[in-house]
Amino acid sequence: MEYIDNILFFVALVIGFGLFFKSLKEIYRNIQLGKEIDRSDQKPKRWETMARVAMGQSKMTKRPIAGILHVIVYVGFVIINIELLEIIIDGIFGTHRFLAGIMGDSFYSAFTATLEILALLVVIAVVLFFIRRNFYGIKRFQMKELFGWPKNDANWILIIEFALMMAFFTMNGSDWVLQQRAVFSAHGSFPISASIFAPVLQNLSDNGLILMERGAWWFHFLGILFFMNYLYYSKHLHIVLAFPNTWYAKLDPKGKFDNLDSVTKEIKLMMDPNADPYAAQPEADPNAVPEKFGASDIFDLNQVQLLNAYSCTECGRCTAVCPANMTGKKLSPRKIMMDTRDRMEEVGRNINKNGKFVDDGKKLLDDHIQREEVWACTTCNACVEACPVLIDPLSIIIEMRRFLVMEQSAAPQELNQMMTNVENNAAPWQYNQADRLKWATDN
Amino acid sequence: MDFTIKTMAEYAAEGKAPEVLFFVGCMGSFDDRAKKVTKALCKILHKVGVEFAVLGQEESCNGDPAKRAGNEFIFQMMALTNIEIMNAYEVKKIVTACPHCFNIIKNEYPGLGGNYEVMHHTQFLRKLMEEGRLKIEGGSFKGKKITFHDPCYLGRGNGEYEAPRQLLEKLDSELVEMKRCKSNGLCCGAGGAQMFKEPEKGDKDINIERTEEALAMKPNIIATGCPFCNTMLTDGVKHFNNSEVDVRDIAELLAEAEDL
Chain Z
1 MEYIDNILFF VALVIGFGLF FKSLKEIYRN IQLGKEIDRS DQKPKRWETM ARVAMGQSKM
61 TKRPIAGILH VIVYVGFVII NIELLEIIID GIFGTHRFLA GIMGDSFYSA FTATLEILAL
121 LVVIAVVLFF IRRNFYGIKR FQMKELFGWP KNDANWILII EFALMMAFFT MNGSDWVLQQ
181 RAVFSAHGSF PISASIFAPV LQNLSDNGLI LMERGAWWFH FLGILFFMNY LYYSKHLHIV
241 LAFPNTWYAK LDPKGKFDNL DSVTKEIKLM MDPNADPYAA QPEADPNAVP EKFGASDIFD
301 LNQVQLLNAY SCTECGRCTA VCPANMTGKK LSPRKIMMDT RDRMEEVGRN INKNGKFVDD
361 GKKLLDDHIQ REEVWACTTC NACVEACPVL IDPLSIIIEM RRFLVMEQSA APQELNQMMT
421 NVENNAAPWQ YNQADRLKWA TDN
Chain E
1001 MDFTIKTMAE YAAEGKAPEV LFFVGCMGSF DDRAKKVTKA LCKILHKVGV EFAVLGQEES
1061 CNGDPAKRAG NEFIFQMMAL TNIEIMNAYE VKKIVTACPH CFNIIKNEYP GLGGNYEVMH
1121 HTQFLRKLME EGRLKIEGGS FKGKKITFHD PCYLGRGNGE YEAPRQLLEK LDSELVEMKR
1181 CKSNGLCCGA GGAQMFKEPE KGDKDINIER TEEALAMKPN IIATGCPFCN TMLTDGVKHF
1241 NNSEVDVRDI AELLAEAEDL
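Protein sequences appear in the order of chains Z and E.
Okay, so the first sequence: first residue is 1 according to the numbering used here, each after it adds one.
Okay, so the second sequence: first residue is 1001 according to the numbering used here, each after it adds one.
Be a bit skeptical, because a hint or two may be false.
[Stated by the list, open to error] Here are the simulated lysine-lysine pairs, DSS-like style, with alpha carbons at most 25 Å apart: (1) Lys-1036(E) with Lys-1127(E); (2) Lys-438(Z) with Lys-1093(E); (3) Lys-1179(E) with Lys-59(Z); (4) Lys-1197(E) with Lys-256(Z).
[Said to hold, decoys possible] One side only, chain E facing chain Z, incomplete, derived with CB under 8 Å: (5) Ser-1029; (6) Arg-1033; (7) Ala-1066.
[Claimed, not checked] Covered stretches of chain E, going by a simulated chain Z footprint (3 or more residues, C-beta under 8 Å): (8) 1002-1014; (9) 1108-1118; (10) 1162-1168; (11) 1191-1203.
No lab work stands behind these hints, which were simulated from the structure alone.
Bear in mind that the values here come from a model prediction, so they are computed numbers and not experimental data.
By construction, the Cβ of each residue, glycine as well, lies at the ideal position given by its N, Cα and C atoms.
Required output: the full structure, derived from the provided sequences and hints.
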């Protein structure tokens, strides 16, 4: 019976990580629903971008207050993971503060003290974030696309992080008091829990403290497993996906849009004076799916665009700088990304249920994203510039315009007029091409 | 103008090639306001002694408004037509006064077989200045306050924020920056084919929002480097019945400084 703790721990660990990997597999499967895109070029530059933007958080600090608080939580998170390593080793082998033996006492003291200070900073940051998000009236946190789950989700994340840190302090505080009473051997240094939490814990008996320490330890561990599995249902997935997302980001100038190869072939044939319009068509593959222009659903988007949608943390920095949104139009780049993810989830559930995707009569365009949003974009790239993890909402908008124009001929009337002019007169207005040099001679 | 504008065809007929092709663009060719920018740039190039040519009747729309509206067919039709002509003239260097022409020829034409060294006119003029060919003395702008509006397709689109500013600093004027400038610059509202349609329903028009911000700086001149921005901000200034503030392209300011 003496190994029951270790066994329970091991089972929890396996289930926790097992479910987490199952979610990751599902995410991977859903991203695979998109079109393949080759983004394996310029590897050194991609690693550098990832190091700078995801690890270095270079874009977060553009807004200094949120940026600095975020860096604190991030650094806290990274270091807490080292502590998780100790928890796992202790849990499996029934040891106590295993790293103390490896690191040596003075280094271990420095390590635990650093963790404590970071944990306190994380608590402060999380509380400030909570106040800022709920009571400070920041516009991008009050928009209607955040009503319901997205808003609750954001608060749950902060509450869970707060609870985890409290458990961490309770665990260390009890441990420290027990160390003072020589019940536990002395390891580590705990400046925060010793001064703030220990005074309250002093009143407990030895057994009560041991219960407290173990309880907090288990709570902390199970809490981390829970949080890890909560990620899949949360905007917080960015803590994992920010890294691949920045690696696969577009490296070309922001103003550069892709050219559709299938169109090039058509146009070249059309412009070729030697092409024989009556020539026999090459034997067509009877099973070939005719190429669709642009995107009306997630299957038409590429895999990086779908990865983008999963990486979005709904911070709304894109929407805050969007000229269309700030002047009261319906377009919100954040909503474009949230809609894309919602649709992907919808399709994912459909696949889980039916084994493969069965047409549900819905599409990303119209059922989630409205045409009015798509047409309001000025392609100014402010959203792309603002995103802390290099998401490109503009590329999705353009794909939808391509679908509307080239598949459905459903552009706004004035744009149809403009396009007709370009086609017939080589200018967006009804001027004669022969008058193109008139400016040189008129006064 | 007291000199003639030569076309690529004329250069070719003489068996010569100019130093640079000036891709005028639709706005620069047909829009009355933008034509002034076109002429100002020509006057500067002529004064400096840069041999340049235009395509004239052989030029077609670069395809930008069609492409950003989602019509890849019309874009490629225009692009391939332009590329065929420019390649036939063995064009190497292109200068343009429109960031939309600049962006699309620089970034999207290479994939279709059009490889050129493309410069926005502010980049080209800065180069001339650095080479000592263009000397700017902006006496007439002394004490004037200028604020520069970054065109999206020059700034965020292609990362060029400095060339226009370096030219403006030579004018002896006071350059004041709006809060939203450089990579945070606010769009004028015309890009992405918005120029050609009414905006979607909202609280206000984007150009009004931008003009308000520019006017709050109390400038004498709002400087632009894009014919679309120029139109949008001119409309914005008119909206506020402000007759004191001028919206001017950087090329026009330089031409005026040189008394051209």
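Q) Which of the listed hints are not met by the structure? A) Numbers 6 and 10, in rising order.
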